[in-house]
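Peer 1: Residue numbers (my numbering), protein chains in the order written: chain V, 1 to 319; chain Z, 320 to 564.
Fair warning: there could be bad hints in the mix.
[What the hints assert, rightly or not] Using C-beta positions, here's what the derived DEER-type ranges look like:
| hint | chain 1 | residue 1 | chain 2 | residue 2 | range |
| --- | --- | --- | --- | --- | --- |
| 1 | Z | GLU545 | V | PHE256 | 58 to 66 Å |
| 2 | V | GLU219 | Z | ILE347 | 51 to 59 Å |
| 3 | V | GLN96 | Z | THR396 | 51 to 59 Å |
| 4 | V | ASN241 | Z | VAL364 | 51 to 59 Å |
| 5 | Z | THR494 | V | THR285 | 51 to 59 Å |
| 6 | V | GLN281 | Z | GLY453 | 35 to 43 Å |
| 7 | V | HIS148 | Z | GLY508 | 19 to 27 Å |
| 8 | V | GLN96 | Z | LEU495 | 32 to 40 Å |
| 9 | V | HIS286 | Z | GLU545 | 32 to 40 Å |
| 10 | Z | ILE347 | V | MET271 | 52 to 60 Å |
| 11 | Z | ILE347 | V | LYS268 | 35 to 43 Å |
[As the list claims (entries may be wrong)] Not close to chain V: a few residues of chain Z, all C-beta gaps over 12 Å, as computed:
| hint | residue |
| --- | --- |
| 12 | SER350 |
| 13 | ILE365 |
| 14 | ASP397 |
| 15 | VAL451 |
[What the hints assert, rightly or not] Under 10 Å between C-beta atoms, here's a sample of chain Z residues computed to sit facing chain V:
| hint | residue |
| --- | --- |
| 16 | SER329 |
| 17 | GLU360 |
| 18 | GLY374 |
| 19 | ARG507 |
| 20 | SER527 |
| 21 | ASP528 |
The hints are simulated quantities; they were obtained by calculation from the structure and are not laboratory data. The structure displayed is predicted, hence computed values, not measured ones. Glycine residues also receive a C-beta, built at the ideal position from the N, C-alpha and C atoms.
What follows is the residue order along each chain.
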Amino acid sequence: MPQEPARHHRLLPVRPLTFSPFARSVARVATAYLVKHYMHNAVQQSAGDEFKEKLKIIGRRSESSEDEEFDGVVQADFAFFDPKPDDFHGVKTLLQSYLDNKQWDLSGFVDLILGQTTVGTVVKLEDDEDNGVFSIITALNLGRYKDHKCITELKEFLLNICHEKDKIGNLRSLLGVEAQKVGLLVSQCVVNLPPELLPPLYDALFDEISWATEDEPTEELRNSFRFQFYVVVSKFYKHKNANQKRSSSTDKDEAFVYIKPEDEILHKLSMWSFLFPLQTQQVATHELKNYQLTGIVMAVKAEDISSFRQQLHALINES
Amino acid sequence: MATRLQFENSCDVGVFSKLTNAYCLAAIGGSENFYSTFESELADVIPVVKTSIAGTRIIGRLCAGNKNGLLVPHNTTDQELQHLRNSLPDQVVVRRIEEKLSALGNCIACNDHVALTHTDLDKETEEIIADVLGVEVFRQTIAGNILVGSYCAFSNRGGLVHPHTSIEDLDELSTLLQVPLVAGTINRGSEVIAAGMTVNDWTAFCGSDTTATELSVIESVFKLREAQPSAIVDEMRKSLIDTCV
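Using the sequences and the hints, build the whole thing.
Peer 2: This is the structure we're talking about:
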């Protein structure tokens, strides 16, 4: 029985770390540059059979380089794109744990994000055939989309997990009466995304919002981007003894460890915020063994955004 | 009939379950919805067994089986193996195999008569598959992918393969498997067919992102529309009326 010959994909040796396409695309970044660099030189020199020869040589060369120690430096060209329906799977993977482990209309939520092409950015590699999504950022008007199942489920989730009596009134008004002026700021990226991308990413978002207030075709749409408040749902690590922290001055550990650097700035600038416990179990690394992954919901005034942008630039540029 | 469901928030139902003509395995999940959907469809016909394999929930990708047997990887614990032997019907042989490619569900795709396997599988494993599952084994690739168990799903009545499979490959595989095959997608364009769905001769379970078009392709290629218990009764009723006249 004839066997199929192995095809070209074998020339790009990729070691999938898991079977999720998301992790595979991260692994591909590691090999994508190596092949791209050699191919650039190959294309310049010749075409046809000679090119195929060179492809085989590249295959062998990169295979042998895979066997040696990987020197850890990868060149990648990230580009910002408008959200497109093709990005569905990538964005859905990024937002998988957005509302902890609650079963909700995540697909509907992703469709909402991808449908709003005027405001929102997706970060992908420059010429990636795999269409891997590295980051998503957008702002959704809670009033405009209030009839969508995903938004009603999201509001219900937030109201249920808020156990702080003084904050729940504020939350209820932002999600209810004032929803027309509130933007849900959704921002998620892969863990190892270079932080240098964050300031331009947030600048792009807030610039798009201000352009939308002028460029959108209808008055209603223009008003829907005149946000006065932003609500952010995120996660960070809280020290298990954070409440007793104030008494001990010998403790060198910080009370909070933020996974996303912008969360620290937003938390400081927020009008109010509350924490909620997460039900998904997390794997504790050695450095974070005293910390508990906790959810946080923050509300930020739109006037404080320019200060946020400046502080984000300062934070990233100094680190 | 094809049913759409989710495991927690994931549409990859083929990862967390394994469906055959004699039994169904389901992963232990956060909510009971997953298990109860299988129960409501299958309870009267075949046993639905909750289990883990090697302490994980990705049971659909780690094991391979059909109505004759179930193969589990070497890292399955003794308790899990005993639980499976106790819960499954006696005619189903459960065997733990020593194979370095331990994700058997990704390496082996089978129905009750034929199996397609990863090209690098051990010769010994191939013999065990032929023996325990009672199938003819073919080493194949699908659209250039060696993980045949991931990129196709087939039953005794039809099969769905990776969307980029060429017509020649489709014909070749169809001849080997002796069932009609169609190249298509699952879960809104995902190419990893077996991760997104699980199927047997009369029913299929697909991820909830599966579009109506994909679902109708699945129902037609696996011949699920005719495969209803009531269809048989209706046909009999028609013939009864005929004879009455």
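Peer 1: Each hint should be assessed against the structure and marked as holding or not.
Peer 2: Going through the hints against the structure:
One distance hint, 58 to 66 Å for the beta-carbon pair GLU545 of chain Z and PHE256 of chain V, holds here, with the actual separation near 60 Å. At about 53 Å, the beta-carbon gap between GLU219 of chain V and ILE347 of chain Z stays in the expected band of 51 to 59 Å. Remark: the range hint 51 to 59 Å for GLN96 of chain V to THR396 of chain Z is contradicted by a beta-carbon distance near 28 Å. Our hint of 51 to 59 Å for ASN241 of chain V and VAL364 of chain Z holds, since their Cβ atoms are close to 55 Å apart.
About 52 Å separates the C-beta atoms of THR494 of chain Z and THR285 of chain V, a value consistent with the hinted range of 51 to 59 Å. Range check, GLN281 of chain V to GLY453 of chain Z: about 40 Å between beta-carbon atoms, so the 35 to 43 Å window is met. For HIS148 of chain V and GLY508 of chain Z, the hinted distance range of 19 to 27 Å is satisfied, since their beta carbons lie about 22 Å from each other. A hinted range of 32 to 40 Å for the beta carbons of GLN96 of chain V and LEU495 of chain Z is consistent with their spacing of about 37 Å.
Checked against the given bound of 32 to 40 Å, the beta carbons of HIS286 of chain V and GLU545 of chain Z, roughly 58 Å apart, lie outside it. Between ILE347 of chain Z and MET271 of chain V the beta carbons are some 42 Å apart, a value that contradicts the proposed interval 52 to 60 Å. Under the hint 35 to 43 Å, the C-beta atoms of ILE347 of chain Z and LYS268 of chain V, about 42 Å apart, fit the expected range. Residue placement check: SER350 of chain Z does not keep its beta carbon more than 12 Å from all beta carbons of chain V (closest about 6 Å).
For ILE365 of chain Z, the condition that its CB be more than 12 Å from all CB atoms of chain V holds, with the nearest at approximately 26 Å. Remark: the non-interface label on ASP397 of chain Z is consistent with the geometry, its nearest Cβ contact in chain V lying 25 Å away (cut-off 12 Å). The Cβ of VAL451 of chain Z lies farther than 12 Å from every Cβ of chain V, with a closest approach of about 22 Å, so its non-interface assignment holds. Below 10 Å, beta-carbon pairs count as interface contacts, and SER329 of chain Z has one with chain V at about 7 Å; its hint therefore holds.
The interface hint given for GLU360 of chain Z is violated, since its Cβ lies 19 Å from the closest Cβ of chain V, which is over the 10 Å cut-off. For GLY374 of chain Z, the shortest C-beta to C-beta distance to chain V is roughly 14 Å, which exceeds 10 Å, and the interface hint is violated. The interface hint given for ARG507 of chain Z holds, since its Cβ lies 6 Å from the closest Cβ of chain V, which is under the 10 Å cut-off. Interface hint status for SER527 of chain Z: upheld, as the beta-carbon distance to the closest one in chain V is roughly 7 Å, under 10 Å.
Annotation: interface hint on ASP528 of chain Z holds; nearest CB of chain V at approximately 5 Å, less than 10 Å.
In terms of the numbered hints stated before, the structure departs from hints 3, 9, 10, 12, 17 and 18, listed from lowest to highest.
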